[in-house]
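S.K.: Here the protein sequences come in this chain order: X and B.
Numbering follows the working numbering, with no gaps: position 70 of the first sequence is 70.
Numbering follows the working numbering, with no gaps: position 146 of the second sequence is 734.
Calculated from the structure, these hints are not laboratory results.
No experiment lies behind these values; they were computed from the predicted model shown.
Fair warning: there could be bad hints in the mix.
Taking lysine to any residue and the SDA-like style, the derived pairs with C-alpha atoms no more than 20 Å apart in a straight line are [stated by the list, open to error]:
#1 B/K670 x X/S317
#2 X/K142 x X/S22
#3 X/K321 x B/G618
#4 X/K321 x B/D673
#5 X/K321 x B/A596
#6 X/K142 x B/H639
#7 B/K670 x X/R191
#8 B/K670 x X/T196
Cβ-Cβ distance ranges computed for the label pairs, FRET-style [what the hints assert, rightly or not]:
#9 B/T748 x X/E237: 35 to 45 Å
#10 X/Q190 x B/D731: 26 to 36 Å
#11 X/Q187 x B/T748: 45 to 55 Å
#12 X/G118 x B/D634: 18 to 28 Å
Beta carbons: idealized from backbone N, C-alpha and C, even for Gly.
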Amino acid sequence: MEFEKELGVSEERSGANILVESLVRQGVEFVFGYPGGAVLPIYDALFGDERLRHILVRHEAGAGHAAEGYARSTGKPGVVLVTSGPGATNVITAIADAFLDSIPLVVITGQVPTALIGSDGFQEADTVGISRHCTKHNYLVKDPAELAAVIDEAFQIATTGRPGPVLIDIPKDVQIASAAWNDGPTQRRQRYAPRTQGTAGEIAQAVEMIAAAKAPVFYTGGGVINAGPRATQLLRELQAKTGAPVTSTLMGLGAFPADHADWLGMLGMHGTYEANLAMNQADLIVCVGARFDDRVTGRLDAFAPNSKKIHIDIDRSSINKIVRVELPIVGDCAVVLEQMLAEWGSRKGQDLTEWKARVDTWREKKSLSFPLNDDAIMPQLAIQRLFELTKDKDPIISTEVGQHQMWAAQHFPFFSPNKWLTSGGLGTMGYGLPAAIGAQCGNPDSLVIDIAGDASIQMNIQELGTATQYRLPVKVFILNNEWMGMVRQWQELTYESRFSNSYSDSLPDFVKLAEAYGWKGIRIETESELDAGIQAMIDHPGPVIVDCLVHKESNCFPMIPSGASHVDMILYGDNVAGTMDDEAKALV
Amino acid sequence: MMHIHQEAEERHVLTVTVDNEAGILAKIAGLFTARGYNIDSLTVADITDNHEVSRITIVTHGPPSQIDQIHAQLERLVPVHKVVDLTELGPHVARELALVKVAGVGDKRVEALRIAEVFRARPVDTTTESFIFEMTGAPDKIDSFVALMRDLGLVEVGRTGIVAMARGPEEA
Ligand SMILES: Cc1ncc(C[n+]2csc(CCOP(=O)(O)OP(=O)(O)O)c2C)c(N)n1
Ligand SMILES: [Mg+2]
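Here chain X stands alone, though its shape is the one from the complex (with noise of 0.2 Å):
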């Protein structure tokens, strides 16, 4: 037709064709999925195409992690095709985490054909219902035709905003039927469009504010890591201008370097005594890309009383939601830490001397120190030498989740971003092998590790096999305390030591398990044999579980107990109640 050739139609293709030749065109790498009924078209028009490549997980909920993990640590959306039914339901859990962490994911799902949707058809979910307050945006697409300006739309609202994951649901028949395919790019519906830059009024305050302040803090997040490298680095030149100390969340390790004399470490729940001290005596808090989180502010009544706020977030919703702040300014963090940096200028802060010495005194209380024990290996140290051993390989790190991962946030020092992937939100154990290997996927040449806890690493161990099968020489480093170790300290500090289903009873041989999927398999029972067991894990040049035993009932500290405030902390050494009134005992 006249009116086709004016637009450049091409030909007609299968929307399973569409899928794929949108994929193709977003720019992805890796597909990272498990086939099914649902999902036959798809994967038929996969078959042979060496344009994509696809991961075979060997459960979805791995696929939606390595997802993740890629995402994470190349700064580019990760691509999950699951089936549907069981398919999409295994993937939920990564979907959320990726929600809450801000991870952009784009989800493909099949669904029954839609003349059986609502049926209760063989292998039906309501996959956009089930889906929905755990997606930035979802879709059921019922024509061929609109697949290509859907798919565009996903990469769109994944990417860009604040990122997350978004879910396209396709029912069986619309990857069979088929539509006009167009060469050029798709006409994009312009109604997605998240406001990026501050205004000159917000800017202005926001410097005088700095420049006014006695004892400043910046306060990152994932936010900083989201915006990209170059807000990395903004962020460290506002910080050289203004001489302020850092400190980050969880989710933001990484975007400034551990080793500057003005980096305090974590904050919050397991965060430094410099760090969550210098929260609370600030007169100014500068929030960069972090959402006040219930981990950070401990007991809301008594954080940082004393201080202004500045909220720098391009989620205009995370702004005044658990915390008041005197100037909220919604915009990406790139761009407003830029507008920061140009309206600075050649201007000179306050003279920070005084507070920098008061935060040198918080630094003598050495806060992550902890005590040797010459029967088993302390955990810290474990982590410790770790670090040592591969920095300069300048590794990826994954972990699972419990008391390693805080170790691992507490004493492996990061410098730069896209390093460091974990579950910050919503603590999902089972996260970090699944992520360590999309990482790999996306990372080939680097040395990528997933620092895990003896419970966690069972949740997705199916995933060794994914490793093997792609030869990814992705490392697990397990500390082995035989126990949920996080959980085992909440009982013994708020359960009066009633250890309630909290031992890893039973758990398999773990260099044999790894053998068992063509894995190296190494044990390491004592500090002697810590190096070498290390070192021996890095010159293996494909996948290596190491099985660190650690001292069993190592806690992790500093903590802030539930209900407390920052001036509350519980630092090794100290005397611990064994109980907690309910109030305290209600908070997570």
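Given the structure of chain X, go ahead and fit chain B with the ligands onto it with the hints provided.
M.R.: Just chain B with the ligands now, with coordinates in the frame of chain X:
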């Protein structure tokens, strides 16, 4: 003992302009349940010739900080174009339509009809022993009318929930 702590609450009327796409109402209603917000009333209908845009009026109550969050969380949804907090904005008109069925004979029937006139409620269905009154007005006016009908043979009430608009010449 632990007690749950409560904050002082305000009632707000919000209008939300949205893309008229599948699932949008579930998204908005679900946002309220998922985050523990209150819905006192919710109305929705499309407002453009091509049926692409709908306007939703939501009446909610909660502490001021929560109202602000509701506003921000609604704006965060991709199909949402615009959220206006009419209560925050200032004077506005809020109207609701009700159908009220009243059954009775004799004095009560006469009294019901007389009160309906005072309230400008119109009988839209009449039998020898019943009326259905149609009434449009501010919600509290409808409340008063329904309360008066209770003693006069009230059978059934249907209400639409409110639609609202800011006063003055400008679009809110
Ligand atoms: C999927 C999931 N289930 C339960 C929890 C609660 N949880 C948090 S830490 C933890 C124990 C983790 O044990 P392990 O992996 O051995 O780590 P450790 O604390 O001993 O270092 C549990 C059960 C969780 N975070 N995620
Ligand atoms: Mg453990």
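S.K.: Next, verify each hint and record whether it holds.
M.R.: We went through each hint and held it up to the structure:
1. For the suggested pair B/K670 and X/S317, the alpha carbons sit about 14 Å apart, so the restraint of at most 20 Å is met.
2. At most 20 Å may separate the alpha-carbon atoms for a hinted pair to count; X/K142 and X/S22 meet this at roughly 17 Å.
3. For the proposed pair X/K321 and B/G618, the alpha carbon gap of about 19 Å is at most 20 Å, so the pair holds.
4. Only pairs whose Cα atoms come within 20 Å are accepted, and X/K321 paired with B/D673 is accepted, the gap being roughly 17 Å.
5. A threshold of 20 Å between alpha carbons decides the hint, and for X/K321 with B/A596 the separation of about 17 Å falls inside it, so the pair holds.
6. Between X/K142 and B/H639, the direct Cα distance comes to roughly 18 Å. Compliance with the 20 Å bound is thereby established for this hinted pair.
7. Of the pairs offered as hints, the one joining B/K670 and X/R191 holds, with about 11 Å between alpha carbons and a cut-off of 20 Å not exceeded.
8. Annotation: proposed proximity of B/K670 to X/T196 holds, straight-line Cα distance about 18 Å (limit 20 Å).
9. The hinted range of 35 to 45 Å is not satisfied by B/T748 and X/E237, whose Cβ atoms lie roughly 57 Å apart.
10. Taking 26 to 36 Å as the suggested C-beta distance range, the pair X/Q190 and B/D731 does not conform, at roughly 44 Å.
11. Between X/Q187 and B/T748 the Cβ separation comes to about 38 Å, which falls outside the hinted range of 45 to 55 Å.
12. X/G118 and B/D634 have their C-beta atoms about 23 Å apart, which keeps the hinted 18 to 28 Å range intact.
Violation of the numbered hints given earlier is confined to hints 9, 10 and 11; the remaining hints are satisfied by the structure.
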